[in-house]
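Enquirer: Protein chains in written order, with this note's numbering: chain A, 1 to 148; chain B, 1 to 393.
Note that these hints are calculated values from the structure, not bench results.
Computed from a prediction, not measured in an experiment: that's the story for all the values here.
Every residue, glycine too, gets a C-beta built ideally from N, C-alpha and C.
A hint or two may mislead.
Unchecked claim - One-sided and incomplete, this derived list gives chain B residues near chain A with beta-carbon spacing under 10 angstroms:
id, residue
1, 47
2, 65
3, 132
4, 384
What the hints assert, rightly or not - Straight-line alpha carbon distances no greater than 25 angstroms define the calculated SDA-like cross-link-like pairs of lysine to any residue that follow:
id, chain 1, residue 1, chain 2, residue 2
5, A, 144, A, 22
6, B, 52, A, 100
7, B, 52, A, 52
8, B, 170, A, 22
9, B, 90, B, 227
10, A, 90, A, 100
11, A, 54, B, 165
12, B, 170, A, 131
13, B, 9, B, 296
14, B, 170, A, 46
15, B, 87, B, 176
16, A, 90, A, 143
17, B, 176, A, 45
Said to hold, decoys possible - Computed beta-carbon distance windows for the label pairs:
id, chain 1, residue 1, chain 2, residue 2, range
18, B, 326, A, 60, 36 to 44 angstroms
19, B, 272, A, 60, 45 to 53 angstroms
20, B, 176, A, 12, 46 to 54 angstroms
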Amino acid sequence: MTTPMVGVIEKVKTWARVNSPWVIHFNSGSCNGCDIEILATLTPRYDVERFGIKLQGSPRHADVLICTGPVTLQARDRLVRVYEQMPEPKFVVAVGSCGISSGVFQGCYNVVGNIGDVIPVNVYVPGCPPRPEAIIYGVVQLLKSLQN
Amino acid sequence: MGAEKKPEKFVVSIGPQHPALKEPGHFEFAVEGEIVTSATARLGFVHRGMEKGTESRTWVQNLYLMERVCGICSAVHAMAYAQGVEKLAKVEVPPRARAIRQLIAELERIHSHLLWLGVAAHEGGFDTLFMLSWRDRETVMDLLEAITGNRVNYSANVLGGVKIDIDEVKSAAILKGMDFLEERTRHYMKVVTEDETFLGRTRKIGTMTLEQALRLGSVGPTGRASGVPYDVRVDAPYAAYQDFPVNIVTDTAGDLEARFVVRIKELYESYRVIRELVDHMPAGELTTRIPRRIQEGEVVSRVEAPRGELFYFLKSNGTDMPERIKVRTPSLCNWGSILATAVGHRLADMPMILAGIDPCFSCNDRMILVKRGNDQTVWTWEDLRRYGIEYYK
Chain A
1 MTTPMVGVIE
11 KVKTWARVNS
21 PWVIHFNSGS
31 CNGCDIEILA
41 TLTPRYDVER
51 FGIKLQGSPR
61 HADVLICTGP
71 VTLQARDRLV
81 RVYEQMPEPK
91 FVVAVGSCGI
101 SSGVFQGCYN
111 VVGNIGDVIP
121 VNVYVPGCPP
131 RPEAIIYGVV
141 QLLKSLQN
Chain B
1 MGAEKKPEKF
11 VVSIGPQHPA
21 LKEPGHFEFA
31 VEGEIVTSAT
41 ARLGFVHRGM
51 EKGTESRTWV
61 QNLYLMERVC
71 GICSAVHAMA
81 YAQGVEKLAK
91 VEVPPRARAI
101 RQLIAELERI
111 HSHLLWLGVA
121 AHEGGFDTLF
131 MLSWRDRETV
141 MDLLEAITGN
151 RVNYSANVLG
161 GVKIDIDEVK
171 SAAILKGMDF
181 LEERTRHYMK
191 VVTEDETFLG
201 RTRKIGTMTL
211 EQALRLGSVG
221 PTGRASGVPY
231 DVRVDAPYAA
241 YQDFPVNIVT
251 DTAGDLEARF
261 VVRIKELYES
271 YRVIRELVDH
281 MPAGELTTRI
291 PRRIQEGEVV
301 SRVEAPRGEL
311 FYFLKSNGTD
321 MPERIKVRTP
331 SLCNWGSILA
341 TAVGHRLADM
351 PMILAGIDPC
361 FSCNDRMILV
371 KRGNDQTVWT
381 WEDLRRYGIE
391 YYK
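With the rest of the complex left out, here is chain A (with noise of 0.2 angstroms):
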């Protein structure tokens, strides 16, 4: 295929990307804050299925990783394993205070650390738990980066 026929094939997948990532969300150990503020984030106050962002419940269907809390000693082979299942290209977005730096729980016996520390983040979400603006927030952040 010559050059500029890929370059319009890379734009039109950015573009189809950007307008309807669908998400699928994993709680590697969290304490539920950040998963019911995520689920709120579908509920009409604020609604992000208006922008095309679905919750998926396949990983093999999905584009963004949410995941929430530390990471387990039990979840983490699950995770490692979710996040293999999506195709590529792929995004994690890492929601509240415990994926960055295992927050509240650190040095518990069966956390083995922050959700960077088992598969590549794309976008952190600080906060105990975060906002649903901040989580919608940060998933912008990504799509924007995407659009880069």
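Mind docking chain B on chain A? Use the hints.
Expert: Quick look at chain B alone, frame taken from chain A:
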């Protein structure tokens, strides 16, 4: 050839990452056609070792750790812990602080029950109710944010009292919010008891009799829907429940519909008691001084979380760190009821039955090691892993 073929059972495994619930848990349902013949749950994905973690933190630091046992019912965890520490230190909490604690706990119950109503409706394929109840839930989230400064994990409790106060403006906002929510809740009551399609998913599904509930040790709304007349707020009042009592709500049907009805009626009770609290808020101090080192002793602290009885055991050795903290959360008590009631139902009913107890994984993932004979006392991760694989084979 000709040998009798052993009937094979087909096992449907769900999880730990699954679309239905937002937390990791693994379930295996053996099915015969559509009918579930046995159910197993495998928990522990969110086990972090918090009870052990408390032993290396001070009493004050632990308040913030215990609050994060569960993000949905964070205030009751902090309250149960703080009450236990105050009992150990023999400190009396001022009446105003106790009333504010109750106020926050009841607001939290509203947020938790509305959250559950939405999630349970979603499991039943009724997404309109999910969206509507979560939209209305934002009212109580706004109130919690206005009062405490955070939507989740409010940190309203401190050892010896509370750190937030209620003024005229906030009281008016609370009363207005309660009026709106009460009207909406009446509508939801109508929906869950009259909507034919929804009743098809809830009526006579997952029925648990009173005997079963007592035998399985069900607590909270799950038990009360089967007629277990037990509510810590009524049977052993704490905070200000003595002065601002709530009425116990029970039902006899024991099916999913009854669990909906009990939780919605509890919402009415919460609205009523919150109005009373706001109107008759006692005046006075918000905190009392509490020593940094807590005197030696053991204490049990119980509160009624949105999901049922929450039990804390605290042991102090006289230093600024606890010697042992044991938490027993209501979700753990209710798991048995799912595994017992699931059998005989269709596979499609499983999400509803699972959601029926309002499960919360982050507070129930525990590790218990039962010592048998001359077992070695220290298990490595490899040992545990092997044990787990063998156990679930």
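Enquirer: Now tell me, hint by hint, if it's right for this structure.
Expert: Hints, verified against the model:
no. : hint                             : verdict
1   : 47                               : holds (5 angstroms)
2   : 65                               : holds (5 angstroms)
3   : 132                              : holds (8 angstroms)
4   : 384                              : holds (9 angstroms)
5   : A:144 / A:22                     : holds (15 angstroms)
6   : B:52 / A:100                     : holds (22 angstroms)
7   : B:52 / A:52                      : violated (43 angstroms)
8   : B:170 / A:22                     : violated (39 angstroms)
9   : B:90 / B:227                     : violated (36 angstroms)
10  : A:90 / A:100                     : holds (19 angstroms)
11  : A:54 / B:165                     : violated (40 angstroms)
12  : B:170 / A:131                    : holds (21 angstroms)
13  : B:9 / B:296                      : violated (55 angstroms)
14  : B:170 / A:46                     : holds (24 angstroms)
15  : B:87 / B:176                     : violated (36 angstroms)
16  : A:90 / A:143                     : holds (12 angstroms)
17  : B:176 / A:45                     : holds (19 angstroms)
18  : B:326 / A:60: 36 to 44 angstroms : holds (41 angstroms)
19  : B:272 / A:60: 45 to 53 angstroms : holds (49 angstroms)
20  : B:176 / A:12: 46 to 54 angstroms : holds (50 angstroms)
When held up to the earlier numbered hints, the structure conflicts with 7, 8, 9, 11, 13 and 15 and fits the remainder.
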